[in-house]
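As they're listed, the protein sequences go chains A and B. Residue numbering for the first sequence follows the working numbering, starting at 1 and increasing by one per position. Residue numbering for the second sequence follows the working numbering, starting at 1 and increasing by one per position.
To be clear, the hints were calculated from the coordinates, so they are not data collected in a lab. All C-beta atoms in this analysis are idealised placements derived from N, C-alpha and C, irrespective of residue type, glycine included. Careful: at least some of the hints might be erroneous.
Partial pick of chain B residues on the chain A-facing surface, computed with a CB cut under 8 Å [said to hold, decoys possible]: (1) S6; (2) L172; (3) T175; (4) L209; (5) F216; (6) A241; (7) S243.
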Amino acid sequence: MISASAVTKRYPHGPEALKDVSFEIESGEMVFITGHSGAGKSTLFRLLAAIERPTSGSIVVNGQNIAALRRSAIPYLRRNFGLIFQDQKLLFDRSVLDNVLLPLAIVGLPTREAHRRARAALDKVGLLDRERARPIALSGGEQQRLAIARAVVNRPAILLADEPTANLDSESASTILDIFRSFHQVGVTLVIATHDPQWMARFSPRVLRLERGRLAGEAA
Amino acid sequence: MSAYFSQHFAALKSALRRLATAPLNTLLSLIVIGVALALPAAGWVVLDNLQHLAGNTTGVQQISVFLTTDASRKDVAEIESRLRDARAGNWRFVSREEALKRMQATEGMSEIVAGLPKNPLPDAFFVEPADPQPETLERLAAIFKSWPKVAHVQLDSAWSKRFDAFLRIGKLAVTLLAGLFGGTLIAVTFNTIRLQILSQVAEIEVARLVGATDAFIRRPFHYFGALQGALGGIFAVALIAGSGWILSAPVAELLALYSASFTPRGLSLQHTGIVIGTGAALGWLGAQLSVALHLRRFG
Numbered sequence: 001m002i003s004a005s006a007v008t009k010r011y012p013h014g015p016e017a018l019k020d021v022s023f024e025i026e027s028g029e030m031v032f033i034t035g036h037s038g039a040g041k042s043t044l045f046r047l048l049a050a051i052e053r054p055t056s057g058s059i060v061v062n063g064q065n066i067a068a069l070r071r072s073a074i075p076y077l078r079r080n081f082g083l084i085f086q087d088q089k090l091l092f093d094r095s096v097l098d099n100v101l102l103p104l105a106i107v108g109l110p111t112r113e114a115h116r117r118a119r120a121a122l123d124k125v126g127l128l129d130r131e132r133a134r135p136i137a138l139s140g141g142e143q144q145r146l147a148i149a150r151a152v153v154n155r156p157a158i159l160l161a162d163e164p165t166a167n168l169d170s171e172s173a174s175t176i177l178d179i180f181r182s183f184h185q186v187g188v189t190l191v192i193a194t195h196d197p198q199w200m201a202r203f204s205p206r207v208l209r210l211e212r213g214r215l216a217g218e219a220a
Numbered sequence: 001m002s003a004y005f006s007q008h009f010a011a012l013k014s015a016l017r018r019l020a021t022a023p024l025n026t027l028l029s030l031i032v033i034g035v036a037l038a039l040p041a042a043g044w045v046v047l048d049n050l051q052h053l054a055g056n057t058t059g060v061q062q063i064s065v066f067l068t069t070d071a072s073r074k075d076v077a078e079i080e081s082r083l084r085d086a087r088a089g090n091w092r093f094v095s096r097e098e099a100l101k102r103m104q105a106t107e108g109m110s111e112i113v114a115g116l117p118k119n120p121l122p123d124a125f126f127v128e129p130a131d132p133q134p135e136t137l138e139r140l141a142a143i144f145k146s147w148p149k150v151a152h153v154q155l156d157s158a159w160s161k162r163f164d165a166f167l168r169i170g171k172l173a174v175t176l177l178a179g180l181f182g183g184t185l186i187a188v189t190f191n192t193i194r195l196q197i198l199s200q201v202a203e204i205e206v207a208r209l210v211g212a213t214d215a216f217i218r219r220p221f222h223y224f225g226a227l228q229g230a231l232g233g234i235f236a237v238a239l240i241a242g243s244g245w246i247l248s249a250p251v252a253e254l255l256a257l258y259s260a261s262f263t264p265r266g267l268s269l270q271h272t273g274i275v276i277g278t279g280a281a282l283g284w285l286g287a288q289l290s291v292a293l294h295l296r297r298f299g
């Protein structure tokens, strides 16, 4: 489903953020990308999400090479992904429900069906009773759950998350973990960048460990 | 297809909401756009009325064809059939007897007419060409002159030419004005959209990340520009109608002094449509230029 080969990313005037990274992720797998901060986790996340392009190498998702994708094809690629960011990237000038409706508006789903699906996604993360609230009124954990609801509302095949529990207390983080596990159980491919050891203890998942931009090891 | 319509409808709704949420900004933009459209449109209305007035004034776009006094009924019939063949337009025949009668009816002339030994007036045709261009008038006059039993062809073409030149300059000035204010309208929309994009950086970024195409992101701005332009056009039409209403009484008074039978006209339905449509089109263009320039930054 995702295949990276010899991926290198070099920022202008900086060191190589990623060096010769290769891996394969099968459909339905749950994979953790770990490493110290600065090891290249976020860079890899940004490359997988087609936010940036690798300097060299290729990343193939669903048979499409992201590195060589035309700019106009990127929106359609992104619709296969649910993206979850460390800083959530919520829109604070609209309601919780409207935040979740945005991806559906983009694909032009009729209003009634869109509302039904958005509420189902909010229900899954336990925020259905907060649909009229503004994101600013939510706690950190609730905001992250809202971000997850927005990421999954389109029923993507792949969920990409960058440090989804970085700023959360352990109880909120635990709730997030349970939500991710439920998606894994229904066959969603999960790629999660994290340095949170809680994850490893709970899932004993496949782990890709990055060290200063290189793939240092793999454990399953 | 329904996705297509629902997306356009959503973009239109979002544009309307943006217009409504900043009423003061909207009002100021509409005033600027309205005035920018109203000035050239009003100039056009004035020119249109002048042209119409000129067309109504007899002697300007009319060719008088006087026959010789010895022309017979048969000669008159011959000229008539030639006018018909030449497709010269409308004409009116005034026989020499009728002309004399009219002269007798005119105050102060009856005694003079009574003193005449015989009718000195010729038969005459008054031709109103279908095409009132000065070139056509001159060409027709030359043709009429060459016909038998035609003694004199009168065409007040010097006046007509001068007036035509004046109208041409007026039209050019209105066109220049329209270009200038059209540019203003585009610039105003460009700036409004620029400010909107700057205030929606977060929204645009998030929309991109969840799979929005460029078209999706641009659409509400296009609708906004076109809508603002169209509303400005409606405001311009209202301005012209209002000015026309204020001016109508003094103009009627002036026309009465010249005993002219002429009713000034405002914008026709078609031209109202053109003003509003131009506003919408220029607004769309301003929005397009703005999004093309400012959205490039968000890869």
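Each hint tested on the structure:
1. S6: holds, 5 Å
2. L172: Because about 44 Å separates L172(B) from the closest Cβ in chain A, which is outside the 8 Å limit, the hint is violated.
3. T175: violated, 39 Å
4. L209: Status holds, d = 6 Å.
5. F216: Holds. Min distance 6 Å.
6. A241: violated, 39 Å
7. S243: This hint is violated: S243(B) lies away from chain A, its Cβ roughly 41 Å from the closest one there, beyond 8 Å.
In this structure, the hints that do not hold are numbers 2, 3, 6, 7, in rising order.
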